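Just so you know, the protein sequences line up as chains A and B, in that order.
The first sequence stops at residue 461 when you use the numbering used here, and every number in between is there.
The second sequence stops at residue 707 when you use the numbering used here, and every number in between is there.
Hints listed in this document are in silico derivations from the structure and should not be mistaken for laboratory results.
If you're wondering where the values come from, they're calculated on a predicted model, not measured in any experiment.
From the three backbone atoms N, C-alpha and C, an ideal C-beta is built for every residue, glycine too.
Misleading hints may appear alongside valid ones.
[Stated by the list, open to error] Dumping the calculated SDA-like pairs for lysine to any residue here, alpha-carbon to alpha-carbon at most 20 Å:
| hint | chain 1 | residue 1 | chain 2 | residue 2 |
| --- | --- | --- | --- | --- |
| 1 | A | K100 | A | G83 |
| 2 | A | K392 | B | T503 |
| 3 | A | K406 | B | S696 |
| 4 | A | K402 | B | K700 |
| 5 | A | K402 | B | K707 |
| 6 | B | K692 | A | I403 |
| 7 | B | K634 | B | L704 |
| 8 | A | K338 | A | I403 |
| 9 | B | K707 | A | P351 |
| 10 | B | K700 | A | T429 |
| 11 | A | K392 | B | K634 |
| 12 | B | K692 | A | S397 |
| 13 | B | K692 | A | I396 |
| 14 | A | K392 | B | I501 |
| 15 | B | K627 | B | K707 |
| 16 | B | K703 | A | R382 |
| 17 | A | K171 | B | S528 |
| 18 | B | K703 | A | N350 |
| 19 | A | K173 | A | P232 |
| 20 | A | K406 | B | L704 |
| 21 | B | K692 | A | I401 |
| 22 | A | K409 | B | S696 |
| 23 | B | K692 | A | R382 |
| 24 | A | K402 | B | S696 |
| 25 | A | K402 | B | D690 |
| 26 | A | K402 | B | L689 |
| 27 | A | K392 | B | K707 |
| 28 | B | K700 | A | N350 |
| 29 | B | K700 | A | P232 |
| 30 | A | K406 | B | K692 |
| 31 | B | K700 | A | D235 |
| 32 | B | K692 | A | K338 |
[Unchecked claim] Quick look at which bits of chain B chain A covers, simulated, 3 or more residues with Cβ under 8 Å:
| hint | stretch |
| --- | --- |
| 33 | 484–493 |
| 34 | 579–590 |
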Amino acid sequence: MEITGAVLVGKLTVIGLKSVGLGATALPGKMAIKIDPNLLSVVDQRCKKKIIITGTNGKTTTTNLIHHILSSQYKNVLSNLKGANMEQGIASAFINDTKKEYDWGVFEVDEGSFQAVVKHIKPDFVVITNFFRDQLDRYGEIENTSAVIYEAIKPLDTTLILNADDPMVAKFKELHKKCVYYGVEENELSSKNQRIVESRFCPICSHELDYEYFNYGQLGKYHCNNCGFQNPDYDYIFTNIRAGPDGNLCDIDSRGEIFKDIHFNYGGIYNAYNCLAALTSCLEAGMDASKAIERTENFEYHLGRMEVMEFPDKTVKITLSKNPIGLSEVLKSITLDKRKKALLFILNDNPADGRDISWIWDADLDNLHQIENMKYICCSGRRAEDIALRVKYTNISPDLIKINDKMRKSIENVLKEDVEIVYILPTYTAVFQARDIILSHLKNRSSFLLNIKELVEKLKT
Amino acid sequence: MGEEIKMELNIFHMYPNLLNLYGDGGNVLCLQRRCEWRGINTNIIDFTLNQEQDLSEGDLFFIGGGSDRSQNIVYPHILKYKNQMENLIEDDAVVLAICGGYQFLGESYIDADGNQLPGLGLFDYYTQSEEGRLIGNIITENQLKLKPQTLVGFENHGGRTYHDFKPLGVVKKGYGNNGKDGKEGMVYKNCIGTYLHGPLLPKNPHLADYLILKALTRKYGVKDLAALDDKLEYSAHEKVMKLYSK
Ligand SMILES: [Zn+2]
Numbered sequence: 001m002e003i004t005g006a007v008l009v010g011k012l013t014v015i016g017l018k019s020v021g022l023g024a025t026a027l028p029g030k031m032a033i034k035i036d037p038n039l040l041s042v043v044d045q046r047c048k049k050k051i052i053i054t055g056t057n058g059k060t061t062t063t064n065l066i067h068h069i070l071s072s073q074y075k076n077v078l079s080n081l082k083g084a085n086m087e088q089g090i091a092s093a094f095i096n097d098t099k100k101e102y103d104w105g106v107f108e109v110d111e112g113s114f115q116a117v118v119k120h121i122k123p124d125f126v127v128i129t130n131f132f133r134d135q136l137d138r139y140g141e142i143e144n145t146s147a148v149i150y151e152a153i154k155p156l157d158t159t160l161i162l163n164a165d166d167p168m169v170a171k172f173k174e175l176h177k178k179c180v181y182y183g184v185e186e187n188e189l190s191s192k193n194q195r196i197v198e199s200r201f202c203p204i205c206s207h208e209l210d211y212e213y214f215n216y217g218q219l220g221k222y223h224c225n226n227c228g229f230q231n232p233d234y235d236y237i238f239t240n241i242r243a244g245p246d247g248n249l250c251d252i253d254s255r256g257e258i259f260k261d262i263h264f265n266y267g268g269i270y271n272a273y274n275c276l277a278a279l280t281s282c283l284e285a286g287m288d289a290s291k292a293i294e295r296t297e298n299f300e301y302h303l304g305r306m307e308v309m310e311f312p313d314k315t316v317k318i319t320l321s322k323n324p325i326g327l328s329e330v331l332k333s334i335t336l337d338k339r340k341k342a343l344l345f346i347l348n349d350n351p352a353d354g355r356d357i358s359w360i361w362d363a364d365l366d367n368l369h370q371i372e373n374m375k376y377i378c379c380s381g382r383r384a385e386d387i388a389l390r391v392k393y394t395n396i397s398p399d400l401i402k403i404n405d406k407m408r409k410s411i412e413n414v415l416k417e418d419v420e421i422v423y424i425l426p427t428y429t430a431v432f433q434a435r436d437i438i439l440s441h442l443k444n445r446s447s448f449l450l451n452i453k454e455l456v457e458k459l460k461t
Numbered sequence: 462m463g464e465e466i467k468m469e470l471n472i473f474h475m476y477p478n479l480l481n482l483y484g485d486g487g488n489v490l491c492l493q494r495r496c497e498w499r500g501i502n503t504n505i506i507d508f509t510l511n512q513e514q515d516l517s518e519g520d521l522f523f524i525g526g527g528s529d530r531s532q533n534i535v536y537p538h539i540l541k542y543k544n545q546m547e548n549l550i551e552d553d554a555v556v557l558a559i560c561g562g563y564q565f566l567g568e569s570y571i572d573a574d575g576n577q578l579p580g581l582g583l584f585d586y587y588t589q590s591e592e593g594r595l596i597g598n599i600i601t602e603n604q605l606k607l608k609p610q611t612l613v614g615f616e617n618h619g620g621r622t623y624h625d626f627k628p629l630g631v632v633k634k635g636y637g638n639n640g641k642d643g644k645e646g647m648v649y650k651n652c653i654g655t656y657l658h659g660p661l662l663p664k665n666p667h668l669a670d671y672l673i674l675k676a677l678t679r680k681y682g683v684k685d686l687a688a689l690d691d692k693l694e695y696s697a698h699e700k701v702m703k704l705y706s707k
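Chain A extracted, bound-state conformation (with noise of 0.2 Å):
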């Protein structure tokens, strides 16, 4: 008998209704939510309380921390964790969970995707990021896709939870909903100039904003000399920030209370602001300030996304590496290791990653010179010589650089390098792939090392 596609989806239907209706079966939520719609509504129901994530860069993490955080306190956290965010992601963890009741829903949603899934879902709190550009060919541009969100809020009863830091999330303010402002201090990451500023013009009058400094592509203190656009009042600031390779050491000022010496595992400013903005979502939601931080410093990541991997002879560090803001700030924080290093690039351009790979040319680069004993920059992916081309065009020492397109040659022989560190650095099509190729040379190199220990001890005998 011929399946028809018809008679496949009405059989999926039945079987879609059963996994809503009793928790049966664990349906891909792509399917399940073509058949049901409404599928992200019954979400919306079981969730006593949501917090929905959007914007650019960090959302995964922020999703993640904000998850850990609220588990420490709540016993059903319903999330998308794994940074599949679109419609399908949300039912798709909802699918493979299904409770009746969730005390929570934290919902990581693409930018994209934003407008569709609040018609379902109705967020108690929607926390923005920051608007750089991404995928390009699928959003449009960045006006674009912070008009859509903007436009998309407006009806909801929700309180706001913006990066006080980047003018075109502290716009939301216009919205004149309750808003909760987050931002991060001046630190010696932070620059006078930006080379790559995404959009310096004001979001209100588009007046050219001046800054007196810069924390992270636009995010900085701003202030705009024709209308008096500047970044809001804090409610929550990260003060005294001390970053290093393996994290930062800052404390938080909360509306004139202060919080000493709270410790994030992962470098970079861009961590700086995803911390805060989940320390911001917990404490705006009643979390205890004293858990959500202990919480927050013992958090750790197995994604990949941001990953540490000890080897018995080197570190491995994976970093998630997709638009330019991103790439460049994962480089300065690379700046700050002094360790014997080696870094491995790999570029892919699968729909998933933004099949224009132009970006890599936005990124800031030069920071590459500022990397002290860099041994070794290995190029790889579907386009390899483009990131190759890219990384010489910085003038860097063309002895440095190594191309290998394929992806699992190009890992071994990075591991095979005398070096304390590896830093690799994939697209998000490559990101996960890179793990398991790491992870099964993990499982060899350590099993091989226990081989040698049971022969010595063998010997001993």
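Take the given structure of chain A and dock chain B with the ligand to it, following the hints.
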């Protein structure tokens, strides 16, 4: 023999803070490096709003694309330089305009709602917004008789440009000016307009050197350029061919 003069090119990067989509600034970096590597001095002049400067000092001009908003901000300012630009182009100055910049050199841009947004009007072509964006890797055959014959890049535009100027390339793969007539870009004297991002020049070093040589010929009467090691450049070029020529 007299002392060899140190050659120098003034490269004007037009409105880099406003017209800077899709990595196009990489073209300026490419020109700069390829001059440097040959011992030719470059002065990169960031030309933008609130700045009144004589363009006649310029040897090479680069104009990128921007959002509609950015182009509207640029328009009244650049309009003051229309005559000077016109004279420069007639006088064989080198101009490279990409995407929005290319559209901007024409008479007008007609948006999706039928509104006519004025261009600089240096050339009598127009661009019309039509349904669906033309996005993807593009391969053309250049009409400048450069070797290799192919140009590779990435296009991403909603506007369709129509004209009878000599095209920069004939489309082999992709859409080009309008997705209909098989032409990509335009060439008038040493002024080139094109939709190719990528950015265009690093992966097409033959075109980069063509522009540099034209500028040097105009300024110093130079006839040829020293060769560079372009193995990596052409391997990136070849990669696009390998992945996307089918
Ligand atoms: Zn203003």
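To test your reading of the hints: which numbers does this structure violate?
1, 5, 8, 11, 15, 27, 29, 31, 32, 34
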